[in-house]
Amino acid sequence: MARAGYQYGTSPKKLEPNYERKSKKRKLEIVEDIPRQKVQISSSQKKRQRQLTLIVIGIFVVLLTISYRNSQINEKFNQVQELKKELASLEKENEQSEVSIENSLNFNNIEKIAKEKLGMQKLTNKQTVYVTLPKKDYVEPATEDVIIRDETNWFQEFVNKIFNR
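Residue numbers (our numbering): 1 to 165.
Hints in this document: simulated from the structure, not taken from any laboratory.
Incorrect hints may have been included.
Here are the simulated distance ranges between beta carbons [to be verified]:
#: 1; residue 1: 99; residue 2: 126; range: 36 to 46 angstroms
#: 2; residue 1: 61; residue 2: 96; range: 33 to 43 angstroms
#: 3; residue 1: 52; residue 2: 29; range: 24 to 34 angstroms
#: 4; residue 1: 99; residue 2: 139; range: 58 to 68 angstroms
#: 5; residue 1: 117; residue 2: 90; range: 23 to 33 angstroms
#: 6; residue 1: 73; residue 2: 49; range: 30 to 40 angstroms
#: 7; residue 1: 52; residue 2: 73; range: 53 to 63 angstroms
Heads up, the beta-carbon is just placed ideally off N, CA and C, and yes, glycines get one too.
Make the full structure from the sequences, and use the hints.
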């Protein structure tokens, strides 16, 4: 007792193809191989191609410009960093020089260097010489009037004459 559509056993049921289907087949058109010179592209397609080409070129130029500016920024940043390092080393050197100068300006150090390197000695009372100067003033007052004349060009003199009358 076989039921409709059910098959007993391990082998699959073989389906028969449905031949009753009607397929709508289009007729294939045979196109002759036309040389490229004879193919005509409409003006709207040409315009669209030009626009697309210009957009692609524009995007490329913008990206190239951005890339160039970024490289310039990186170079300037590296220069700034190098200059900061140089500044820090110069400031450190300057501080060390200031410390060495302060140490050398100590009065005891100056006296020691003067005695040892220069062979200097402290003054004694016998080496002191007093000089007396007369109380007369050696500056003479000016007897002539001094006229200070600014050097001006001819245009400035002309303007001064017009406005001063």
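Right, here's what the structure says about each hint:
Against the hinted window of 36 to 46 angstroms, the Cβ-Cβ separation of residue 99 and residue 126 comes to about 40 angstroms, which satisfies the hint. Between residue 61 and residue 96 the C-beta distance comes to about 53 angstroms, which lies outside the given range of 33 to 43 angstroms. Evaluation of the 24 to 34 angstroms hint for residue 52 and residue 29 yields a pass: the beta carbon distance comes to about 30 angstroms. With their beta carbons about 46 angstroms apart, residue 99 and residue 139 fall outside the hinted range of 58 to 68 angstroms.
Against the hinted window of 23 to 33 angstroms, the Cβ-Cβ separation of residue 117 and residue 90 comes to about 30 angstroms, which satisfies the hint. At roughly 36 angstroms, the beta carbons of residue 73 and residue 49 sit within the given window of 30 to 40 angstroms. Roughly 32 angstroms separates the CB atoms of residue 52 and residue 73, a value that falls outside the hinted 53 to 63 angstroms.
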